[in-house]
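If you read the protein sequences in the order shown, they are chains B and W. Counting in our numbering, the first sequence tops out at residue 274, every number present. Counting in our numbering, the second sequence tops out at residue 1298, every number present.
Do not rely on the hints blindly, as some may be mistaken.
To be verified - To give a feel for the contact side, a few chain B residues facing chain W, derived at Cβ under 8 Å: (1) GLU8; (2) PHE9; (3) ILE10; (4) ILE107; (5) SER124; (6) PHE126; (7) THR127; (8) THR129; (9) ASP243; (10) PHE244.
Please keep in mind that the hints were generated in silico from the structure rather than gathered at the bench. No residue lacks a Cβ here, since even glycine has one placed at the ideal position from N, Cα and C.
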Amino acid sequence: MIDMFTQEFILNALMISVIMGLLLSYLGVHVVGRGIVFVDLALGQISMLGVAFGNFIEKDQTLISIIFTMVGAFLLSFIKIKDKRLKQEAIIGIVYAVASAVTVLLISKSPHGESDISEVLFGSVFTVTYEQIVTMAVTFGIIGFVHVIFRKKFFELTEKFENHQIEEIGVFNLWNFLFYLSIGLAIVLAVRSAGVIPVFSYLIIPPVAAILVSRKMKPMIIISILIALLGSFFGLFFATQYDFPAGSSVVAILGAIFVLLAFVRWGVNLISSK
Amino acid sequence: MKKYVSLLLLLFAPLCTHAQLKIVTTIPDLKSIAEYIGGDRVNVFSIATGYQNPHFVDPKPSYILKLSKADIFITVGLDLETGWVPALLNSARNQRIQKGGDGYVDASTNIPLLQIPTSVNRGEGDIHIYGNPHYWLDPLNGKIIAQTIAATLSRLDPGHQVQFRANLKIFTEKIDAKIKEWEGKLTRFKNTKVIAYHNEWPYFEHRFGLTIVDFLEPKPGIPPTASQLTKIISIMKSEQISIIINSPYFMSESADLVARNTGGKVVTLATSVGATETIKSYFDLFDYNVDQILTAIQ
Chain B
1 MIDMFTQEFI LNALMISVIM GLLLSYLGVH VVGRGIVFVD LALGQISMLG
51 VAFGNFIEKD QTLISIIFTM VGAFLLSFIK IKDKRLKQEA IIGIVYAVAS
101 AVTVLLISKS PHGESDISEV LFGSVFTVTY EQIVTMAVTF GIIGFVHVIF
151 RKKFFELTEK FENHQIEEIG VFNLWNFLFY LSIGLAIVLA VRSAGVIPVF
201 SYLIIPPVAA ILVSRKMKPM IIISILIALL GSFFGLFFAT QYDFPAGSSV
251 VAILGAIFVL LAFVRWGVNL ISSK
Chain W
1001 MKKYVSLLLL LFAPLCTHAQ LKIVTTIPDL KSIAEYIGGD RVNVFSIATG
1051 YQNPHFVDPK PSYILKLSKA DIFITVGLDL ETGWVPALLN SARNQRIQKG
1101 GDGYVDASTN IPLLQIPTSV NRGEGDIHIY GNPHYWLDPL NGKIIAQTIA
1151 ATLSRLDPGH QVQFRANLKI FTEKIDAKIK EWEGKLTRFK NTKVIAYHNE
1201 WPYFEHRFGL TIVDFLEPKP GIPPTASQLT KIISIMKSEQ ISIIINSPYF
1251 MSESADLVAR NTGGKVVTLA TSVGATETIK SYFDLFDYNV DQILTAIQ
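Looking at chain W on its own, in the form it has when it is part of the complex (with noise of 0.2 Å):
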């Protein structure tokens, strides 16, 4: 009988492909991630581009009208996006996706956080008091996202449950075969050590195995100062670090600076889909970072 149900949903899905579930996510992975699991379904949105940093985004009218029509919202969650995020949601008056609303996703759900600051560590320069947000650079982290995602489309679209759930496991098991390939190629790197200028990369860094020594900021949003970037270049030189991980929004004079200095390399890494025009998708956000590290430590 099931199969009947489903069979004459699918016969009747370009039917009524005008009920699409309209979605606004803040960043462009959430929104790969989101149309991986919700197919032909959702009709979705990223407010942040790929390559701007997802700490600060100019509220555009755009914005504010997609997130009122929208019948869901989803967001990194954490702290990265206070500083815009309440500001738009209250500007689309939108009941929905207001913050416990029936739209209203937070990608962090389930989420096993890293960097949890203590009251101890809150004085020495956490900006982010609930964990770092960077939590997407982890493809094991994206299972959890897909998950989450998956069990809202579910229950705002039930008559399509049996495709989301589909899609979730075509989804998780692309990721846990990607994964391994992943993983070998950057094997034989276990443990390098390297440097970074923004801590972003805690979660990928625990997936891969590398080993981020400290930072071109001082402080996490304060600027490379001179006496840390001179700091780095003398640990770069007594631990034999030649790699510095930038991101696509930051300037690269200081790693510029540090690598002339050092003999080392700078390497910009994507932070998000999008950072690029070949980073389409989730997949390929890992694919371009994976390869960028093997051809600059090669």
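Chain B on its own, in the form it takes in the complex (with noise of 0.2 Å):
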């Protein structure tokens, strides 16, 4: 048994699982709403195309690869279907496996193969550096100041997307370019400190348990902010305790909160419906 406050270590796993969390399960709320929940794997993708090109150029990567998910963020906020056949999430899911086989084409012809790569890739929050925590919470601090300020906007435009109301976005709408541009800055920066599916979990689990609670967008991101923070807070304290990589421990208690409130939602309906 490890007490784990006494940790440095465990403390700043804690810190940046809590900043990731709370910045991550808000715009997850928007992901969710907008019904683009493999953004995130797509913009992942994408700045790992952009690490790959990197080692492929032989040059910087960190930053071919902030220069990368930029300029796809720029290009997927043009994404809007009129079709109602077809939903956004199928382009965003073409653009994530054409990324990942290119990454994998540049790979195949790179001096160094994969090592340079899996480095920059595979995080954990367990061996994050304090000049990474600082990074992180200045720029998700930033981030998250835009949207609170501008919350009306954002907002609007998420509904828009909800409601189908494609017409009134126009070809190119300066927050929704805002919107991707925040959700790639974030998710490049999350990626490198914790890991590709840790993240995508921060951004998709909280908000749809807190669907099953609340209908109301107030409660729901509270509720969302809530789960991310008490999945980090157990997920770290199950992973100190049984000792196991953090990353899956934080996806296996964010599972679990999610499928507690799926049950305690199917007991509510059926006691309603009664």
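Put the complex together from the two separate chains, hints included.
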């Protein structure tokens, strides 16, 4: 048994998980509302493609990866499907698949194979540095600030996507671009500190679980953030007590919270239908 | 006088077992060697297991805790563990075992490295820019690793120098004796051509006289491609190669496919101590691999 609060690395992990959880579970409300849950994997894959490309041309991988993600976010913000048979998700899925494929193609022709790339991609919150925490706190703080200040604009947009009022959004919509830009930035940073799957889970599981509890926007946001914080804390607690990798533990706990709420919801439905 | 001192030390040795040196190694092979040299003076923990690919290790809390309390950290070095060791050491906040610290041991010190890339072949796909890091698979390099470890132990626990030196001598002599046995068993198969999955056998090949012709991976770290497998199948047919060496942590599908198409055999060799339950020490590792090759060729 380890007393988790006496270990600096666990406190660091908790700190970075809380920062990530706060912002990602909030952005996740938009992501789930718009029905673009795979946007995280697509942008994550584009950032990976940037790393592979940087490796291929032997230039700075971090910089190129960020540029790739920004350009990717810009292009994704143009996706507006007027055909009701299709969903944005379809295009995002295609972006994900093609980006993965091109990454593999680039790696197979890169001078140093896989090893350089894996270093950048498989972060663990147990090994984050103080600098990483500061960088993330500042960037996520700015993104969060912009989102809180202009929350009306962002939520109006998300509602339009939800209600399929595509014509009103326009070809280039600044707020839509800013939304993708903020998601892109958040994902690039978060993936490096925590890995792809935990980031995806922070973005999707809390808002979906929150929808089970409330359909109203405000309580949904609060519950989503609460779930992310609970998941971070108990995920790391679980990892510390039973010696597991951090990312998978947090995902497992978030999943458990989701299942629990799904059962509660089912029970409530059962009682109210009688 | 010296005799009495060591006698005295022997007498008191059981009393100071609590002052064992705490050692953390990256792979179990280094743990095994450290235990041979340190004997009851050391308490050794290996982060990676023997059936795990040492290029990739997912950090667990216990690794960082062990590192934060360690007196000595022994790493394979070169760039085998660059994906995880620097991050773990950084989180452990233990000055003794940071690179350049008193307890930091790079086991590759003094090892005659193979496949050190020149600027020319770097573009051809070498992922290991300092040379191939799988050097512990040559038992003679095991002796050099043992010397490096003995030197560090003697420096940090000078009171037991005599014991470490004696253990080193026993270990070295045992390697010399065993290597004759191993080479003897494989001597009939000198220059036998084989195919390997990943480029991790140059030291083994070098010591025991096998010839690895090509790899299932088109380049290290890139999973086998169709064109590479086709190429291997035709090489195996034209050069009458019948053995494909796989490692415990690689999927055997590609190797099996090639074997089916060529009538060859897949031999899974252990890359580290602990790869199977029977491989408990550095010596078991070579016993096992030599036997695997013998049964496959016969």
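Original post:
Are there hints from earlier that the structure breaks, and if so, what are their numbers?
Top reply: Hints that this structure does not satisfy do not exist here, as all of them hold.
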